[in-house]
Amino acid sequence: MGIFDHFMNLRAVYIHIGWFQISITNLIVIIGMLTLFGLALFLPFPGNKKKGQK
Amino acid sequence: MSTSTEKEMWVSKLRKGWQKNLPIEKLLPDTQPAYVASWIYLFGVATLASLGMIIATGLWLSFEGAQWYHTSNVGHFANSMHFWSVQFFFVFMVVHLWGKFWMAAWRGRRMLTWITGAFAFVGSIATAFTGYLVQSNFDSQWISYEAKDGFNSVGIGSRFTVTNFGQMLLLHVAFLPVIIGLITLVHVLLVRAKGVVPPIDAFNKELGERK
Chain Z
1 MGIFDHFMNL RAVYIHIGWF QISITNLIVI IGMLTLFGLA LFLPFPGNKK
51 KGQK
Chain U
1001 MSTSTEKEMW VSKLRKGWQK NLPIEKLLPD TQPAYVASWI YLFGVATLAS
1051 LGMIIATGLW LSFEGAQWYH TSNVGHFANS MHFWSVQFFF VFMVVHLWGK
1101 FWMAAWRGRR MLTWITGAFA FVGSIATAFT GYLVQSNFDS QWISYEAKDG
1151 FNSVGIGSRF TVTNFGQMLL LHVAFLPVII GLITLVHVLL VRAKGVVPPI
1201 DAFNKELGER K
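Protein chains in written order, with my numbering: chain Z, 1 to 54; chain U, 1001 to 1211.
Derived from the structure by calculation, the hints contain no laboratory data.
The model shown is predicted, which means the values in this text are computed figures rather than measured ones.
For each residue, glycine too, the CB sits at the ideal point set by N, CA and C.
Treat each hint with caution, since some may be false.
To be verified - Estimated spans, in silico, between C-beta atoms of each pair:
{"no.": "1", "chain 1": "U", "residue 1": "Val1011", "chain 2": "Z", "residue 2": "Asn26", "range": "36 to 46 Å"}
{"no.": "2", "chain 1": "U", "residue 1": "Asn1021", "chain 2": "Z", "residue 2": "Gly2", "range": "35 to 45 Å"}
{"no.": "3", "chain 1": "Z", "residue 1": "Leu43", "chain 2": "U", "residue 2": "Glu1064", "range": "20 to 30 Å"}
{"no.": "4", "chain 1": "Z", "residue 1": "Phe4", "chain 2": "U", "residue 2": "Phe1138", "range": "15 to 25 Å"}
{"no.": "5", "chain 1": "U", "residue 1": "Asn1073", "chain 2": "Z", "residue 2": "Ala12", "range": "23 to 33 Å"}
{"no.": "6", "chain 1": "Z", "residue 1": "Phe45", "chain 2": "U", "residue 2": "Leu1185", "range": "26 to 36 Å"}
What the hints assert, rightly or not - Non-contacting residues of chain Z with respect to chain U, defined by C-beta distances greater than 10 Å in every case (computed):
{"no.": "7", "residue": "His6"}
{"no.": "8", "residue": "Ala12"}
{"no.": "9", "residue": "Tyr14"}
{"no.": "10", "residue": "Ile15"}
{"no.": "11", "residue": "Ile17"}
{"no.": "12", "residue": "Gln21"}
I would like the entire structure built from these sequences, with the hints used as guidance.
Structure representation (structure tokens):
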């Protein structure tokens, strides 16, 4: 049994605030997607230099 | 023998329409407008790449079988590759969706592109859910027995029987992938035909005004 097998056998941990409930795993995925979206918007694209830039 | 007075055949109409709306230069372009040079425009093709990996690993699993992917090391690897390609497929598709939503990518007669994308998204969710039902382990048994109550409560349990392994397997490996494949093909062809949507603040000759 490796570390991943052990991890997969654990119960999901939830954040529960009033009516709102979400598993930590789903929260990580959503934050990851938002981060990816933000990075895609703001990171410079290689070769995309505006006029006047060197 | 055909004459000019004869009614034009549907094949001829189709060819002319295709050549007019999607000439080979549009179908296989080697340049894109300057505004496409941004990371946000890569998520569509990243979704397509993930779909390719899903299909390849899915075929691999189908040929080797459930015994293999449950017990052998290579089988576990193929199984994980299939699972993780699906995860990345959805992550990339959601970021693609967000990007296109905030670009209002349905502008410039691109409504059908937006609609086919929405259908592809919903269809992919259905396909992924049937995948959870056909793992052939206790997880899929648990999920199907929980899901059947939901489907029965809305009155479609007799047609869409989540505990019917054969039905779910055929939906997952045949019917739904074919539907997703066709929708994706139409979606990509529409993107090629209409071109990548310009930024909202860019002057667009096609629209004839600032939008």
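Should the hint that Z:Leu43 and U:Glu1064 are 20 to 30 Å apart at their CB atoms be regarded as holding?
-> violated (40 Å)
So is Z:His6 really clear of chain U, every C-beta pair being over 10 Å apart? holds (15 Å)
Worksheet item: So the hint says 15 to 25 Å: do the beta-carbon atoms of Z:Phe4 and U:Phe1138 match that?
Response: holds (18 Å)
query = How does the Cβ-Cβ distance of U:Asn1073 and Z:Ala12 compare with 23 to 33 Å: does it lie in that range?
reply = With a Cβ separation near 27 Å, U:Asn1073 and Z:Ala12 satisfy 23 to 33 Å, so the hint holds.
With respect to the beta-carbon atoms only, verify the hint that U:Asn1021 and Z:Gly2 lie 35 to 45 Å apart.
violated (54 Å)
| Z:Ile15 non-interfacial with respect to chain U [C-beta, more than 10 Å] | Non-interface label on Z:Ile15 holds, nearest chain U Cβ at 21 Å vs cutoff 10 Å.
task: Against chain U, does Z:Ile17 hold up as non-interface, every C-beta pair farther apart than 10 Å?
output: holds (24 Å)
Is the nearest CB of chain U more than 10 Å from the CB of Z:Ala12? Answer for Z:Ala12: holds, closest chain U Cβ roughly 13 Å.
Just tell me: holds or violated, for the beta carbon distance of Z:Phe45 and U:Leu1185 against 26 to 36 Å?
Holds: the Cβ-Cβ distance is about 28 Å, inside 26 to 36 Å.
Report holds if the minimum CB distance from Z:Tyr14 to chain U is greater than 10 Å, and violated otherwise.
holds (17 Å)
**Prompt:** For Z:Gln21, is the shortest beta carbon distance to chain U beyond 10 Å?
**Reply:** holds (17 Å)
Practice prompt. Indicate whether the distance between the beta carbons of U:Val1011 and Z:Asn26 respects the range 36 to 46 Å.
Written response: The hinted range 36 to 46 Å is violated for U:Val1011 and Z:Asn26, with Cβ atoms some 51 Å apart.
Comparing the model with each earlier hint shows violations of hints 1, 2, 3; every other hint is respected.
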